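2 protein chains.
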Amino acid sequence: MSRKLHLALHPYGVGGPGQHGLWKDPRVAHDASIDINYYIQQAQAAEHALFDALFIVDSQFINATYPAHYLNRLEPLTLLSAVATHTRHVGLVGTASSTYNSPFNLARRFASLDLISGGRAGWNVVTSFDTGTSRNYGLDEHADYTTRYGRALEFVEVARGLWDSYEDDAFPADVAANVFLDPTKLHELNHVGEHFKVAGPLNVSRSAQGQPVIFQAGVSEEGRDLAARVAEGIYAPGGTLESAQEYYADIKRRTASYGRNPDHIKIFIHGGPVVAPTDEAAQRREREIAAEDNDLDRHLALLGRSFGAYDFSQHDLDAPFPDVAALAEKGGRTAATKIIERARRDNLTLRQVAESAADFRQSPFVGSPTTVADRIETWFGAGTFDGINLAFRTTEELAYFVDSVVPILQQRGLFRTEYEADTLRGNLGLPIPVNRHTQARQYVDAVGA
Amino acid sequence: MSRKLHLALHPYGVGGPGQHGLWKDPRVAHDASIDINYYIQQAQAAEHALFDALFIVDSQFINATYPAHYLNRLEPLTLLSAVATHTRHVGLVGTASSTYNSPFNLARRFASLDLISGGRAGWNVVTSFDTGTSRNYGLDEHADYTTRYGRALEFVEVARGLWDSYEDDAFPADVAANVFLDPTKLHELNHVGEHFKVAGPLNVSRSAQGQPVIFQAGVSEEGRDLAARVAEGIYAPGGTLESAQEYYADIKRRTASYGRNPDHIKIFIHGGPVVAPTDEAAQRREREIAAEDNDLDRHLALLGRSFGAYDFSQHDLDAPFPDVAALAEKGGRTAATKIIERARRDNLTLRQVAESAADFRQSPFVGSPTTVADRIETWFGAGTFDGINLAFRTTEELAYFVDSVVPILQQRGLFRTEYEADTLRGNLGLPIPVNRHTQARQYVDAVGA
Ligand SMILES: Cc1cc2nc3c(=O)[nH]c(=O)nc-3n(C[C@H](O)[C@H](O)[C@H](O)COP(=O)(O)O)c2cc1C
Ligand SMILES: Cc1cc2nc3c(=O)[nH]c(=O)nc-3n(C[C@H](O)[C@H](O)[C@H](O)COP(=O)(O)O)c2cc1C
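Residue numbers (our numbering), protein chains in the order written: chain A, 4 to 452; chain B, 4 to 452.
Please keep in mind that the hints were generated in silico from the structure rather than gathered at the bench. Among the hints, erroneous ones may be present.
Simulated restraints on C-beta separations [to be verified]:
1) A:Asp172 - B:Arg287: 31 to 39 Å
2) A:Pro186 - B:Glu224: 34 to 42 Å
3) A:Ala424 - B:Ser5: 25 to 33 Å
4) B:Thr187 - A:Arg348: 51 to 59 Å
5) B:Pro436 - A:Leu244: 51 to 59 Å
6) A:Ala180 - B:Arg287: 53 to 61 Å
7) B:Pro436 - A:Glu380: 25 to 33 Å
8) A:Asn264 - B:Arg91: 24 to 32 Å
9) A:Ala449 - B:Arg290: 32 to 40 Å
DSS-like, lysine-lysine: derived pairs with alpha carbons at most 25 Å apart [claimed, not checked]:
10) B:Lys27 - A:Lys188
11) A:Lys200 - B:Lys200
12) A:Lys7 - A:Lys269
13) B:Lys188 - A:Lys27
14) B:Lys27 - B:Lys7
Small disclaimer: the values here were computed from a predicted structure and weren't measured. The beta carbon of each residue, even a glycine, is placed where N, CA and C say it ideally should be.
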């Protein structure tokens, strides 16, 4: 098989989706989510296993009811920069909101990470789920979907323009001629758009991979459209085989419809594998994990998250799910709509809805090493993903996956046995974007004056 | 002498003030300003020499006429985060503009650096000198001094409020009781001010030093006032012994007038020592350096920087300095006013003004190791600084200073022979700020209900 599987690692720290009680596991340090050594070790383990990338999620709104791993964590770019110098191959993808950043500032930080890591940076563009984030940025209201995704698109375009400020041969640094910079190879952007006015140029040059890789996470119609237009990677939820196939086909089709090569967008689904020596042991472990994730207060808080940090604890737990549709228009419309529809269809109480909110955890990758490898091969062959964003409860479980499942994937020719490149683009099989100004120059050279 | 001298290192990369031709020195790598290994080595050398901190300057506006070291450089916080895990004691001070950042975003990044470094982060608050920065942030005009410094003050207050979101014992992480966070120890800020509305809380806890150390750089009346109100460190230009004394006394007096302990603001002056085995050799070297800094285009560009990136090359170089006073109100009023006054007083041409703009380089610390140590001791004793922000042209010159001057300072009891602490506050002799909410709680406990 020539199409290659990609694997990334989403380190949980003290918790993750459907893993809100993880901090209680005695093997998990209580400060894991703020311990840079934990992340360096995770990145080194990922690199040892030849994974494509370390993937850091993020959010910027909390209240005291939120699960442990949201409460206290490192900012993704400072985190990844510290990790960069302790690794050499693994990609470094950080989540940052296009709704609550300025393009010049964020483009510069990613450009800097891209240089520090030698061309391994990726930016997971999110528009921010938590509506309360607006109040940390001076705004009473979170912008609606159209505004947020419109801003995201323009933001990425501006960032890419800034990243091309310098052509790759802009710095002759010719001592005899007293020329450090060739001034014709530095370009202002002078962007004027609906959301941004940015003059440029950026004061950072391009890295070995040209520009950071753009990822995206967001499954609404607007999110899919953004991905198809500009993303080179996606963090997608996964779900069932059928829903993953639908999503995968839809994204590839949309990408092609924008005149882009659909191979140049790599879709990663979330996978929280549970692997054990036998299928039975893995299933038992999966049930234990599900049983452990039993903190109703945390479930209510997370449920509320999709409705603007709405306080569901004020409602009767055993009455029908309350009518909160009006609260769902902003942050988490896609998630909220699903919850409401299911509650209505199945006539669920608030308690039932809260308890079943752990959907995201349910992983197709539960079983013995062979079973999990089989399942990965089947799903991969069925057009459901290009890669998996793997998340493990503990370092031990990551190590077991690497030792037991990865070799099978390698034997089957699905996964690399050595890194193809030192850059994230190189390993993902993504082209290096030619600097737009060099491209223009090449065109003029070709046509002649 | 009980008052201790502090030393920081300002790495030049490919250039610095009055060192605009440095990139031509064969010992300087052309990519030093974007090479993280260069900064790691500088930080490790600073730590080996027991310096208090590495100090990273910054700017966010360039055009093709700017000197080499402005053109292409790493963003300070990603830079320092990468350096953090390769050092254990040295402080990490990064420059960031309060004019072109959001408090929640920047407070979070510094809090993250503070955790990653184990309590060694410092923030050099600047209001941005280059007026053109505004056009990278969607604004046609750079804000005036009152607005910029008003915003800076409020920004620092908000950041400090956010940094106190969690009391130090907020996370019992009690598995038996199923309590990760004690919710009474997480605090919203709910700041509403002239420039910012920020709800909080911040999703990052405090570090070993409580909060990042606030530095400030800016010498206007407004800048001095900001420093006296909130800064714990200053990067000051130095100048003559008399001007440094005046500045030092003024800052300490102002600080006391705000009810603060004047020992809790450490004034660092810029020092670019030129040390050689003999005084003569050092003076010869100093003349060579001055002669080398002869790129008139770069001098014109830097001169223009104080007047909103004004293009002085359009004027006759040998005519009297043009009337540009109207351009000096915004970014660099203090510097610009000095330039205009001197040009008028001494009847200078544009060329003369441009050529003498290298003032900042002229260092009082030129001579043999003993001469330089004497000079440092005299200035220190004369109340001109608490510390020196040392800048060296090359790694070799840094090494020579460390090997020849530092031991003399240590013998005289002026400089430490081992680190006092693992935190920046600890080494600077600054107190750890008690969390404001803990303080309030302690007060209530003391008075009783
Ligand atoms: C797999 C996945 C991972 C995500 N990770 C983040 C994240 O780390 N931070 C964040 O703010 N939003 C994250 N999001 C949320 C999206 O950014 C988006 O705001 C949210 O899903 C609402 O938009 P949508 O309806 O388009 O999905 C993620 C979404 C998905 C599907
Ligand atoms: C020693 C020194 C170092 C400075 N470093 C920076 C810097 O790295 N970045 C920056 O934007 N401004 C820097 N500044 C400029 C100040 O932030 C300030 O904007 C400028 O000096 C104009 O304000 P003022 O008139 O109060 O000095 C520095 C100023 C001094 C005196």
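Results for each hint:
1. Taking 31 to 39 Å as the suggested C-beta distance range, the pair Asp172 of chain A and Arg287 of chain B conforms, at roughly 38 Å.
2. For Pro186 of chain A and Glu224 of chain B, the hinted distance range of 34 to 42 Å is satisfied, since their beta carbons lie about 37 Å from each other.
3. As the Cβ distance of Ala424 of chain A to Ser5 of chain B is approximately 57 Å, the hint placing it in 25 to 33 Å is violated.
4. For Thr187 of chain B and Arg348 of chain A, the Cβ-Cβ distance of about 40 Å falls outside the hinted range of 51 to 59 Å, so the restraint is violated.
5. For the pair Pro436 of chain B and Leu244 of chain A, the beta carbons lie near 55 Å from each other, so the given range of 51 to 59 Å is met.
6. Roughly 27 Å separates the CB atoms of Ala180 of chain A and Arg287 of chain B, a value that falls outside the hinted 53 to 61 Å.
7. Hint check: Pro436 of chain B to Glu380 of chain A, Cβ distance near 56 Å, so the stated range 25 to 33 Å is violated.
8. Here the CB-CB span from Asn264 of chain A to Arg91 of chain B is close to 47 Å, at odds with the stated 24 to 32 Å.
9. Checked against the hint of 32 to 40 Å, the C-beta distance between Ala449 of chain A and Arg290 of chain B comes to roughly 52 Å, which is inconsistent with it.
10. For a cut-off of 25 Å, the pair hint linking Lys27 of chain B to Lys188 of chain A stands: about 20 Å separates their Cα positions.
11. Between Lys200 of chain A and Lys200 of chain B the CA atoms are separated by roughly 23 Å; this keeps the pair inside 25 Å, and the hint holds.
12. Annotation: proposed proximity of Lys7 of chain A to Lys269 of chain A holds, straight-line Cα distance about 11 Å (limit 25 Å).
13. At most 25 Å may separate the alpha-carbon atoms for a hinted pair to count; Lys188 of chain B and Lys27 of chain A meet this at roughly 20 Å.
14. Of the supplied pair hints, the one linking Lys27 of chain B and Lys7 of chain B is violated, its CA atoms being roughly 37 Å apart against a limit of 25 Å.
In summary, the numbered hints that this structure violates are 3, 4, 6, 7, 8, 9, 14.
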